[in-house]
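Trainee: If you want the building blocks of each chain, they are given just below.
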Amino acid sequence: MSLLAASGLCVERAGRRILDDITLAADAGEFIAVIGPNGAGKSTLLRLLAGLQNPDRGSVTLDGQPLSGYDLRKLAGRRAFLPQGARCEWPIAVERLVGLGLTPSLPAMGDFTADDRARIDAAIDVCDLRAQRAQPVTTLSGGELARAMLARALVGDPQVLMVDEPLAGLDPRHTQQAARRLQELAAGQGKLVIATVHDLTIALRRATRVWALKDGRLLADGPVGEVMNPALLRELFDVEASVSGTGARAYVDF
Amino acid sequence: MKRHTRLVLVLSLLLLLLAALSLVTGRGGQWLALPSDEAEARLLRLILWELRLPRLVLALLVGAALGLSGAVLQGLTRNPLAEPGLLGVSSGAALGAVIAIYTGLGFAWSLSIPLLGLAGAFGATALTLALGGGGGVLVLILAGAAVSALMLAGTALVLNLAPNPYAAYEITQWMMGSLTDRSWHEVLLAAPFVAAGVVLLLSTGRALDALGLGELQAASLGVDLARLRRRVLLGTALAVGAATAVTGAIGFIGLLAPHLVRARVGHEPGRVLWPAALCGALLLLASDLATRVLPVQPELKLGVLTALVGAPFFLWLVWRMKRVAP
Amino acid sequence: MFARIVCAAALLAAAPLTRTPAAEAAPQRIVSLNLCVDQLLLQLVPPERIASITWLSRSEGDPELLPLAQRLPVNHGSAEEVLASHPDLVIAGRFTTSATRRLLQKAGVPLLEIDPATDWEGIRRTTREIAAAVQAGARGEELIAAMDADLALLRSRPAHAPVRAIGWGGAADDVPGRDTLFNTILETAGAINLGARATGPASFDIEQVLRVQPQVLLRGAAYAAAPAMRNQIAAHPALRQQHYSVITYPEAVYGCAVPRAAALAVQLADELDRLRQKP
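Line order of the protein sequences matches chains A, B and C.
Position 111, counted from 1, in the first sequence is what my numbering calls 137; the numbers after and before it change by one each time, with no gaps.
Position 56, counted from 1, in the second sequence is what my numbering calls 70; the numbers after and before it change by one each time, with no gaps.
Position 171, counted from 1, in the third sequence is what my numbering calls 1117; the numbers after and before it change by one each time, with no gaps.
These aren't lab readings, by the way, just hints derived from the structure by calculation.
There may be inaccurate statements among the hints.
[To be verified] Facing chain C, according to a computed beta carbon distance under 10 Å, are these residues of chain B, among others:
#1 R41
#2 L57
#3 L60
#4 I61
#5 E64
#6 W198
#7 P309
#8 Q311
#9 P312
#10 E313
We treat Cβ as the ideally placed atom computed from N, Cα and C, and that holds for glycine.
The following block holds chain A by itself, in its conformation from the complex (with noise of 0.2 Å):
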């Protein structure tokens, strides 16, 4: 049985098929990235696997549970979830962010306890952030406010951690970085890793498995090495693209 699994998923918006009959499954220690054109329907893929959206058709079940059913901090404690352009309102210092996390586990009131304190710290380790832990995220970087999103993602040891572009508006050394932390959490760590991107040669070197989505419908789902080729990107995204090198050293060419 798959840890994380979808069958028929369908969503509608307007008359418009936003998606249509998705069916997919994914296990611990693997490392989705969905690719697919603006408009696919990434993100409302991700938000229907993390439980945030309900699909009009089909259901997702997290280790053969319906999500519909679970309850909602139970669900927190099993899965993290981070959308596009996260962000804090508030300029709240970078540890304290961090410990948002464990909101799931946390009383209705009281501070963190000794036990917290030691997971944010870990957190912080983990993602390269103790220079800047009480600084006001508002204050952060970029990239620096991205390190301190995932570490709140995953101060609270999710199994699964999906994350809506990731690597958004990174400059390529914190893309790099970013991409390998992702590809330890599942290789390293044995997380279930989902993640849409737009850069296909991070896709091509880190992850274990590709969702290709295109109009709403999965063009491909299988092993990176075997969906990313130039057949398929070019039906994918309408351009000549090719696959070059090997490994660490691969990448795609338009």
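Got chain A sorted already, so can you dock chains B and C onto it with the hints?
Mentor: Structure of chains B and C alone, referenced to chain A:
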């Protein structure tokens, strides 16, 4: 953490000080002189027990309710310009109370005044949140202004049609907000509702913290957004509605109090709640003292004073937001 | 008799009229825009000569005049209503709007504006002024004579310590002060007006009422039938505990500078006497 407790302590001490001051100060800055004979002592006891003490208790209750609801609303809307008055709560409560008084219902059954005040507050808040809830801050503020206008129109209608010509004068005076001559009767009438509202509002702290990350992330952290909105709506209507029903419309405390304490608690909405309640009580008590001490004849109304202080602060806030925003 | 006519004519010439009415024909269609003028008119002239009085007279004012007042047409003070009743004399208080004034001038209708009086001499003056304008001078003197008789009655009564009284209807209400008819009536009836320490309008809160230690609270009873917060005056526990006597007085006419005010003073004096005799 240490900062937070220290702030609460300081605020509580200031509150105790002002409370003591409030008990010994009368209109025109008269201090309570030590009684020289039995008759004067009796008078003193009467004044303290039947007039000054209920006034103090009411100031604390109402101020805390206003400050707290302002903090919660600012946390919910993620915007520092929100306050119960802006969302039409106060004008809705005023309309309800005014209807109770001028149809004579309020005298037949005194509980009807806070109850109708609550109904008005509830209706206005629900309408505002329904209109502008999901549309961003500007839409919410506009919705609140529209609902306020509707409530005020209703109040003007009652004014117009009231059979007693003194009604117009009395309503306008009452709507300026005052704690003068309130008795234990008013305290007992309002306190249960205010207490219930305060408890509800205090329970939203954790959810408001998560909401600072946006609705999607908050939902992903297990926050039931619909339930949160209901709690905020109900809590605000209970606390501010009942408070307005016994004191008239007092504005800007809900706007000011959270601002004065937010930076000191690190800006987290959940941590602002208790300090904002205390700060609101402090501000209202100080304003009430000021209306008693300032040599203004006739008596300066409480709501007028808070508006005179609060409106310029509001202007400054808007100006600062304009400066900071891109 | 002749002297009286000369006096009336002299007063007529001296009165602040904006337009001199025809001195020969007595006005037959008189309109009043003021409750107090209503009260006086009803006593001065027969009802056939009154075109309209204010709507307030139907519910406020001297109870003895109410049945008569309720039979007459009323106006609500608007210039249109006034003109529609084709008046040949309009009498109003000082605060007529300039729009009304101009309109009446254009229509050629004489307008008499009355200064409110606050003492007995002022009442004599105003009564004579109005009586002259409506050409009911004899009747006017009768009313003044009755007033003087009442005042003499009060002066002849045994003097007592003045009762400490204050006119208070709730924190929102103004307490009648020094230069008011209320004050005159109170003092004539044998009371001290505790609100007279201030000039101009003053508002008292309960604490201040307690501090001046009144014996009697005078509660205005205008529009008492319709609900208002002021009707709840004695409900506050602090006042209830003090067991002040509360006298209800007809507020609207306590502001009317008409000869009947003396009768009101006698009524008040009687009530104060009754209170004195209570243990």
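Trainee: For every hint, state whether the structure bears it out.
Mentor: Now the hints, each set against the structure:
no.	hint	result
1	R41	6 Å, holds
2	L57	6 Å, holds
3	L60	6 Å, holds
4	I61	6 Å, holds
5	E64	4 Å, holds
6	W198	7 Å, holds
7	P309	13 Å, violated
8	Q311	6 Å, holds
9	P312	4 Å, holds
10	E313	6 Å, holds
Hint check: a violation occurs at hint 7 only; the rest are consistent with the structure.
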